[in-house]
Amino acid sequence: MKRIIYGILSLVVFIFLIVTNVEITSASWYAGNVFKGSGYGGYADITTPVTPIYLIGKSHVYSWISTIATPDWVQAGWGYEGNTDKPYSYYEYCYNGCKDLSATYHILQKIENINWGQTKRYMIKWQAGSTDMWCISIDYSQLACYSYVIVPPVSEIQALSEVQNSYLNELWSNHDNVSIASSANLTFQTLSQANFFAQSPYAYFMYSPSHYVTYRSSPIRKTLLPILSR
Amino acid sequence: MASTFFSPRKRIFALVIAVFLLAIGFLAVKVSAQDQSSSTLADRLKRRGVPVSEVKISSRLPFELNVTLQSKSATTAFTNEDSWNALLTEHELRLANQNGVKLNSYTVRMVNANGKEIAKHQSFLDEPGKPASTPVSFVVDNARAEEKIKTLLQPGEIRLTLIQVSSDAIEGKNAQILLVQGSVTDKDAANRSLLSFLDSFKDVLNKPMPEAAMYIPLGRARITDSQGQQILDYAIDCQTGTELFSIAPGVTNSFFPHPPAMDVPPSPALETTGIPQPSSAYPVLTPTRIYP
Chain A
18 MKRIIYGILS LVVFIFLIVT NVEITSASWY AGNVFKGSGY GGYADITTPV
68 TPIYLIGKSH VYSWISTIAT PDWVQAGWGY EGNTDKPYSY YEYCYNGCKD
118 LSATYHILQK IENINWGQTK RYMIKWQAGS TDMWCISIDY SQLACYSYVI
168 VPPVSEIQAL SEVQNSYLNE LWSNHDNVSI ASSANLTFQT LSQANFFAQS
218 PYAYFMYSPS HYVTYRSSPI RKTLLPILSR
Chain B
68 MASTFFSPRK RIFALVIAVF LLAIGFLAVK VSAQDQSSST LADRLKRRGV
118 PVSEVKISSR LPFELNVTLQ SKSATTAFTN EDSWNALLTE HELRLANQNG
168 VKLNSYTVRM VNANGKEIAK HQSFLDEPGK PASTPVSFVV DNARAEEKIK
218 TLLQPGEIRL TLIQVSSDAI EGKNAQILLV QGSVTDKDAA NRSLLSFLDS
268 FKDVLNKPMP EAAMYIPLGR ARITDSQGQQ ILDYAIDCQT GTELFSIAPG
318 VTNSFFPHPP AMDVPPSPAL ETTGIPQPSS AYPVLTPTRI YP
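Protein sequence lines, in the order shown, are assigned to chains A and B.
Each residue of the first sequence is one higher than the one before, starting from 18 at the first, in the numbering used here.
Each residue of the second sequence is one higher than the one before, starting from 68 at the first, in the numbering used here.
No lab work stands behind these hints, which were simulated from the structure alone.
The structure displayed is predicted, hence computed values, not measured ones.
Any given hint might turn out to be false.
[To be verified] Using 27 angstroms as the maximum straight-line C-alpha spacing, the simulated DSSO-like pairs for lysine-lysine come out as follows:
| id | chain 1 | residue 1 | chain 2 | residue 2 |
| --- | --- | --- | --- | --- |
| 1 | A | Lys103 | B | Lys274 |
| 2 | B | Lys187 | A | Lys127 |
| 3 | B | Lys274 | A | Lys127 |
| 4 | B | Lys183 | B | Lys139 |
| 5 | A | Lys127 | B | Lys269 |
| 6 | B | Lys187 | B | Lys139 |
| 7 | A | Lys103 | B | Lys269 |
Starting from the given sequences, assemble the full structure and let the hints guide the process.
Right, here's the structure in full:
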């Protein structure tokens, strides 16, 4: 009897959590590691979750490598929106007044659908030229270069996972071989700084500063099962 | 006579000449095709109303195009209309590539009213997984599409003032462009409604709908507040996977990835417990070559 009451109670709590989190706005949670210093570029081998992850409502999950928002930024990684079958690889630029947004040019370019459990190397790098450019490569293939974005060096290169709209969303992403170019000659070195951070309920599991997993257990496992198992 | 003509030396000479003429012919055809492609592109952009000031072949082998757009801006900042024009330009360039113009890369430049370059980017087109565009077989109907869209959009607290479907100036009766305009009382109301609205807006555009005589690859949504100030200007090109956003400060940005607004906080204590070891669950990438 006690077990049934606990079960009903936990179901009510669980449904309440879901319902109250569907339309949360302006909310993002982050987890991962960050290089601090003079950044001219970086890359990371980022893996999508091995199996499809559960997202609540109109939610999105991303794992990427990015310059710090200065406020402009350059970014590449994988993303997943719950209403699609598969995640996708993308790159993104935000400039032309990314903060005051009076006339922002914020482009999100989806490249292709990718598989669950697939690893790709996402790279952002500054490239000197007649006009400075920030270039994007995915799996060694250079896709685009944009000028007038950010004057290098940037103070941070971030390799993070990002969850939007509900903290009940699942997350799992492997970041490996995270490497940074800290000089204009673009010599990439394995990230050795451990500036990890994670916003609860998301966390990271560190093998090394350049290799870590960002994750969150299933909301069912985290919310419902512990109560049921009492 | 015949034996002289077919002497080995002359045969080789004739062969070389033939190969040379063939190569010249091939190059002439290729150059002509490239010239044709660039002038066709300029013509298509003008028909779309894009203020293109120059389409130039910057390299023939590999084939590279340089497109210059004219902005009305007098400063170094460009406007949302400039962004929309850049999206249309990329739409044409990428579709040209998918439809047989073997374009290796293109550069889009934007110059302001004073002739100063204010934006420039280069895209490389050896991307994987891009399907050739396939025009739909049915004839679209703008009025029917508008009626259908009214039932599909979820505006929430946004008051929609315009739902306009027009035939694509280039693709004609086989593709459409959607423009939606609306207003909302304030940013809080916008934040409560934008996620659902944008999701429904994208759903309308994602696929051909023969039952509604509707196929809309290109769409734009413009939302203002009650004073007419911009809340959101959003554009999407479903055929190339491009999305553009311009949002007002304080409006939710939870529909695109972005880095944290501030520096990341100092490192908390390392959290490494309580999860299953994932090491066997994911494939390990073994780079097959060194990155240049």
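Tested hints:
| no. | hint | in the structure |
| --- | --- | --- |
| 1 | A:Lys103 / B:Lys274 | holds (17 angstroms) |
| 2 | B:Lys187 / A:Lys127 | holds (20 angstroms) |
| 3 | B:Lys274 / A:Lys127 | holds (16 angstroms) |
| 4 | B:Lys183 / B:Lys139 | holds (11 angstroms) |
| 5 | A:Lys127 / B:Lys269 | holds (14 angstroms) |
| 6 | B:Lys187 / B:Lys139 | holds (16 angstroms) |
| 7 | A:Lys103 / B:Lys269 | holds (17 angstroms) |
Checked against the numbered hints above, the structure breaks none of them.
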